[in-house]
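The listed protein sequences derive, respectively, from chains Y and L.
According to the working numbering, the first sequence is numbered sequentially starting from 1316.
According to the working numbering, the second sequence is numbered sequentially starting from 1316.
Just so you know, these hints were derived from the structure itself, not from any lab.
Computed from a predicted structure; not experimentally measured.
Among the hints, erroneous ones may be present.
One copy or any two copies: either way a pair holds, since identical chains are not told apart in the list.
What the hints assert, rightly or not - Using 30 Å as the maximum straight-line C-alpha spacing, the simulated DSSO-like pairs for lysine-lysine come out as follows:
#, residue 1, residue 2
1, Lys-1328, Lys-1532
2, Lys-1360, Lys-1507
3, Lys-1423, Lys-1318
4, Lys-1470, Lys-1487
5, Lys-1391, Lys-1506
6, Lys-1507, Lys-1391
7, Lys-1487, Lys-1341
8, Lys-1506, Lys-1360
9, Lys-1533, Lys-1360
10, Lys-1406, Lys-1516
11, Lys-1506, Lys-1416
12, Lys-1360, Lys-1328
2 protein chains.
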Amino acid sequence: MKKAVVFRQFFEKETSTYTYIIGCGKTRNSIIIDPVLETVERDAKYINELDLNLLYGINTHIHADHITGTGALKKKFPSMKSVLSSFSKAKADFYINFEKKLQIGEIKLSFKSTPGHTESCMTIISEDLESAFTGDALLIRSCGRTDFQGGSPEKLYHSIHENIFTLPNHYKLYPAHDYNGVINTTVEEEKKYNPRLTQNKENFIEIMNNLNLPYPKKIDKAILINMKCGIDF
Amino acid sequence: MKKAVVFRQFFEKETSTYTYIIGCGKTRNSIIIDPVLETVERDAKYINELDLNLLYGINTHIHADHITGTGALKKKFPSMKSVLSSFSKAKADFYINFEKKLQIGEIKLSFKSTPGHTESCMTIISEDLESAFTGDALLIRSCGRTDFQGGSPEKLYHSIHENIFTLPNHYKLYPAHDYNGVINTTVEEEKKYNPRLTQNKENFIEIMNNLNLPYPKKIDKAILINMKCGIDF
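Can you make the complete structure from the sequences, with help from the hints?
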């Protein structure tokens, strides 16, 4: 029998960030992925109304565009542990070991290291939801920029081709952001229609090295705070 | 065996409107619900990339806050029919008969008249998706205003209690708008936590009659155009 999973997606308008809650329908144990400081009150309300026990607040990477909500959530849910990749060189309560699955009640999450946007980016995979949470590695019909925080177009190309595009075609993909109001995508669609990732590696690197994007407004403050999983109340 | 259904949700930032695509996974026949003029290019791109044959563009009601995209979509998909409630007194290619289901390939949609926000509001129900698309009748932890276009708090109260809260508790509810970045809800949650709808009828009417909301900016132009299902190209 298919396991009961609680799943919810939320959006933060200013930074176009998606936050996710995944919980075990039986034990009510749960995680939150990529919360934003400004929307912690909303997220906490839904965690309480959904009668969930929040075990982990996971950031897919050290965000540069917003301050994570994990610090503020720890204040509201004192037993919640902040979580980062073991490659993050940052402060967290718990580090992802990419060899092991994370057990949340009856459901299991596995993790792939998907560097390229930053060195410590990771993708979270849920077989129960037939979904992956790609952070800023793969965005819908796009991908994360590779020009700061240890970014590398070559690494990102390999991360996506080896660890995301190898998932089953029907798996849903949920990114950390979308700027066009698109809620999710699938492995099949991105393999067919992602304008950057359908290129060969050389063209992909050329595209990524010539995006000429502005420096993120909040980057200096955000990274400093996010290196310790948010504001330490 | 469960039928294959294609389902996608989209967001339009300026008016916080949700648009939905529902298609039959086998025949690729599909509908779009509540498209917005400004995001027609995006929606058309996804309809094409998902390899869907667009049969109907359905507006859950005559929107007052934005111009519907159904007119522009007819230009791109000439066989698409614009659809409104038979109670709308407006121009459309096809009117919903609340006694009949609408067959989209192998999937079926049923409709409930849910007046109160406007006279001709309707809720679209998909058993295959175990979901309902509530337009502006039920919003997440809220409901549509009842102070213009034939609105009535009493009618809205009955519409929601008799036609939405009577759906199975686990059914997902997808509204036409959300202003807080919440993507969807469930029947059970709204029955338990909707601050307006958990009140008795008298209190609900009192709340709705005292919202003192500003007159929508685009209402005069939007209603005029939406009474004929969008701009007639």
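Hint check:
no., hint, in the structure
1, Lys-1328 - Lys-1532, "both (16 Å within a copy, 21 Å between copies)"
2, Lys-1360 - Lys-1507, "between (39 Å within a copy, 13 Å between copies)"
3, Lys-1423 - Lys-1318, "both (11 Å within a copy, 27 Å between copies)"
4, Lys-1470 - Lys-1487, "within (23 Å within a copy, 39 Å between copies)"
5, Lys-1391 - Lys-1506, "between (40 Å within a copy, 25 Å between copies)"
6, Lys-1507 - Lys-1391, "between (43 Å within a copy, 22 Å between copies)"
7, Lys-1487 - Lys-1341, "both (23 Å within a copy, 19 Å between copies)"
8, Lys-1506 - Lys-1360, "between (37 Å within a copy, 16 Å between copies)"
9, Lys-1533 - Lys-1360, "within (27 Å within a copy, 32 Å between copies)"
10, Lys-1406 - Lys-1516, "neither (34 Å within a copy, 52 Å between copies)"
11, Lys-1506 - Lys-1416, "within (26 Å within a copy, 36 Å between copies)"
12, Lys-1360 - Lys-1328, "both (18 Å within a copy, 23 Å between copies)"
Of the numbered hints given earlier, the model fails hint 10 alone.
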